[in-house]
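This is what each chain is made of:
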Amino acid sequence: MTASENSLAKAAAALREEPGDGLAVAVWATLKRDLVLMLRRRSEVLNPLVFFALVITLFPIGISPDPALLAAIAPGLLWVAALLAALLSLDSLFRADYDDGSLEQLLLTPQPLALLALAKVAVHWLLTGLPLALMAPVLGIMLSLPAGSYVVLAISLALGSASLSLIGAIGAALTVGLSRGGVLLSLLVLPLYIPVLIFGAGAVQAAILGDGVLAHLAILGALLALALSLAPLAIAASLRISING
Amino acid sequence: MSLRLQAQSLACERDDRWLFRDLDLDIRAGEIVRVEGPNGSGKTTLLKILSGQLADYEGELFWSERPMREARESFLANLLYLGHAPGVKAALTPLENLAWYQALSGEKPGEAARFRALEEVGLVGFEDVPAGQLSAGQQRRVALARLTLTPRALWVLDEPFTAIDRDGVAALERRLVEHARSGGCVLVTTHHELTPCAELRRIRLGGGGADDGI
Chain A
1 MTASENSLAK AAAALREEPG DGLAVAVWAT LKRDLVLMLR RRSEVLNPLV FFALVITLFP
61 IGISPDPALL AAIAPGLLWV AALLAALLSL DSLFRADYDD GSLEQLLLTP QPLALLALAK
121 VAVHWLLTGL PLALMAPVLG IMLSLPAGSY VVLAISLALG SASLSLIGAI GAALTVGLSR
181 GGVLLSLLVL PLYIPVLIFG AGAVQAAILG DGVLAHLAIL GALLALALSL APLAIAASLR
241 ISING
Chain B
246 MSLRLQAQSL ACERDDRWLF RDLDLDIRAG EIVRVEGPNG SGKTTLLKIL SGQLADYEGE
306 LFWSERPMRE ARESFLANLL YLGHAPGVKA ALTPLENLAW YQALSGEKPG EAARFRALEE
366 VGLVGFEDVP AGQLSAGQQR RVALARLTLT PRALWVLDEP FTAIDRDGVA ALERRLVEHA
426 RSGGCVLVTT HHELTPCAEL RRIRLGGGGA DDGI
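So the sequences go chain by chain: A and B. Here the first sequence is numbered in my numbering, starting from 1 and rising by one per residue. Here the second sequence is numbered in my numbering, starting from 246 and rising by one per residue.
The hints are simulated quantities; they were obtained by calculation from the structure and are not laboratory data. Owing to the predicted nature of the structure, the values given are computational and were not obtained by experimental measurement. C-beta atoms are modelled at their ideal positions from N, C-alpha and C, and glycine is treated no differently. A portion of the hints provided could be inaccurate.
Claimed, not checked - Cβ pair distances, simulated, as ranges:
1. B:E444 x A:A225: 24 to 34 Å
2. A:R41 x B:D261: 33 to 43 Å
3. A:V183 x B:A408: 31 to 41 Å
In isolation and in its complexed conformation, chain B is listed as follows (with noise of 0.2 Å):
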């Protein structure tokens, strides 16, 4: 079994009017593929379809040469997605918020492991100060936190480049690539430029329809 999500014809209609069309993709592993367009020409709504959270889209899916259908369970085992929303509650500290999604992904519950993911995105210091007394840019790191956190082959990321200043952008890029080159693969929206690197690979949306590799 090897890494690989594909989509063929996809379709996705909203409020009369078709985001994309006849959208085909293949994505593997070793690949950033960073989904582009202008604003409302449905970045999000892909990445949700490809993500397995939106159904009401038009053409199939497939994980590993499976139907998403059936391959389901086996794709959420490897999926990290992180939403527009940060999915960090602000009652709670770093380290309870990095605890909670250590538990539910299954990964052994240990406070190193919750510590070194801080670590790696620079809030060192912060890990037991309420998550909504930090910055907006601080609890997009804490959510980011989880690409160390809870490793898993698929980063499926929207917009992750919010709100970050300009060292943890390229700390961030950085990673991304090195996830790519170690195996694993990316699917990235973002209105930041991505610095031009042998993985990367763009999917441009709006206007109806789609083309590859511009």
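Only chain A is shown next, with the shape it has when bound in the complex (with noise of 0.2 Å):
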């Protein structure tokens, strides 16, 4: 052997003792991966928001224009069809990282799978949850909501969407491995989606009604600091569980 070939050999041969410290360049990868990855496929993020807007635009068809009816509903009926619009759009969160082998890559990582999956739950929100917020007000005026919850119904969706997120990417999570996932997936995390779904309402009515905004605003606060802090540990197990089926 030359010299050569042996400097070769120890660089080759020296073990790795930790994983380097690159978990901030890891997830900001992940993030920024999701991201263009999304940005191309751009029907897969438009279909959420067209179901939204055509569901809003079905009902004054489908009941009655009649103003004050529709103003009664608002909350409620924006609230439902932005958390079903959300819950659409999971079914697809881990699932192309399944079918193409990158998601094994993503538990052969050395860094935290809770945070890299935190991360794609981050990008689910941004293009899914975010946008449905923003929508939200607009088709508000379409169901002739009172002026003055339009803010709050902004506010609370934003919120209340990232709770649903992170809930929901549990219940993706377990069901990646099931070739049919979908119907389970929904009675996995409906039931979980009820207090935000309350409680969200709750804010949007009670902006209307002129009290107590606040108090529903902190409780969806807290639910997401809550979800936050314990979901991407959950996503990280489910995915441990699915992988291994």
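Work from the hints to combine the two standalone chains into their complex.
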């Protein structure tokens, strides 16, 4: 063996003790990769938004154009439609990664899986929850939602949909190994969505009636804080179970 | 600490059938270990168990003489696993695909290293074409570029020769031998006949047990 070959041998055989400190780099790269991927598959991003707009458009036609009636049901209706739209898009959260083998690679990195999964959920919220929250006030006009509740509607949806993305991702991770996990996913996560729905719609209702908006928003914030601290760990554990199967 | 992957009385059951039983392995630096056996004999399952992806097995695994449970962090920091599915995103270009892997593995991000890795697998000129428009063999080459991009001591490769052309196969074989000679270690399944060399060792699966060194 020549000297250069010797040095090569040392380089390759040198075992790494601990993973490098590239956690922030890895999370940022995952965030960026998922954003680029989603923006290249625009139809998938637009699907939930179109669904949301369609449902809200059809309601006045189907029920009655009476502004008083629509205004009464608007908060609940907007929230339910947004929740279902977010649920629709959840199934694909880990599906593509599972199919092409990137998910195994994600699980085999020395970086903490929970934080990498959190990056994926953040992208889901940025491209689903946030646009839904921004769209809702515009659709609220069609339901003659009383003026003064638009800002609360957008804030409650922005906060609430982040919790929905986090909770939903647990279900998506649990069902990613199943070929038809869509229905099971809905059944798994819908019961957990109910508190978010109650306080989200409640916030808008309170804004219309003119009392206690902050209390509702505070509870939504508390739910988000809880989901933010616990859901990533649950998502990571669920992904491990799915890959093990 | 030295590179050493051991398995003691490893057994795995699938659908009331033993894929393998009492399998003892001792894989050290400088070896190429080829796992062979007919379709369905559990080659991929064995590789997944040895790379820490499946927990559904009996027996013990050791990495550098420490139980795998304790040594998992250090094991993962030294592992490069290429599975059946190449793990290449169709909507991303080869450079973008590699950028993600580079960041995940904690390497210093750098486009020069990615270019060099693509050059190594003969994909120069395709670096900005979405991987979905590349052929199956070229997509596999994108995955194989990680061998150069992220230096790791232990390579676990599941059917790495799939869809690769003859020149590519020869180059990859040379690459495996080079890695073993430089103190690394390769664990590979393939139906392709590897050129015999001093580093090569075989493990045969199928028939309920395994014999070492046929």
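A quick look at each hint next to the structure:
{"no.": "1", "hint": "B:E444 x A:A225: 24 to 34 Å", "in the structure": "violated (55 Å)"}
{"no.": "2", "hint": "A:R41 x B:D261: 33 to 43 Å", "in the structure": "holds (42 Å)"}
{"no.": "3", "hint": "A:V183 x B:A408: 31 to 41 Å", "in the structure": "holds (36 Å)"}
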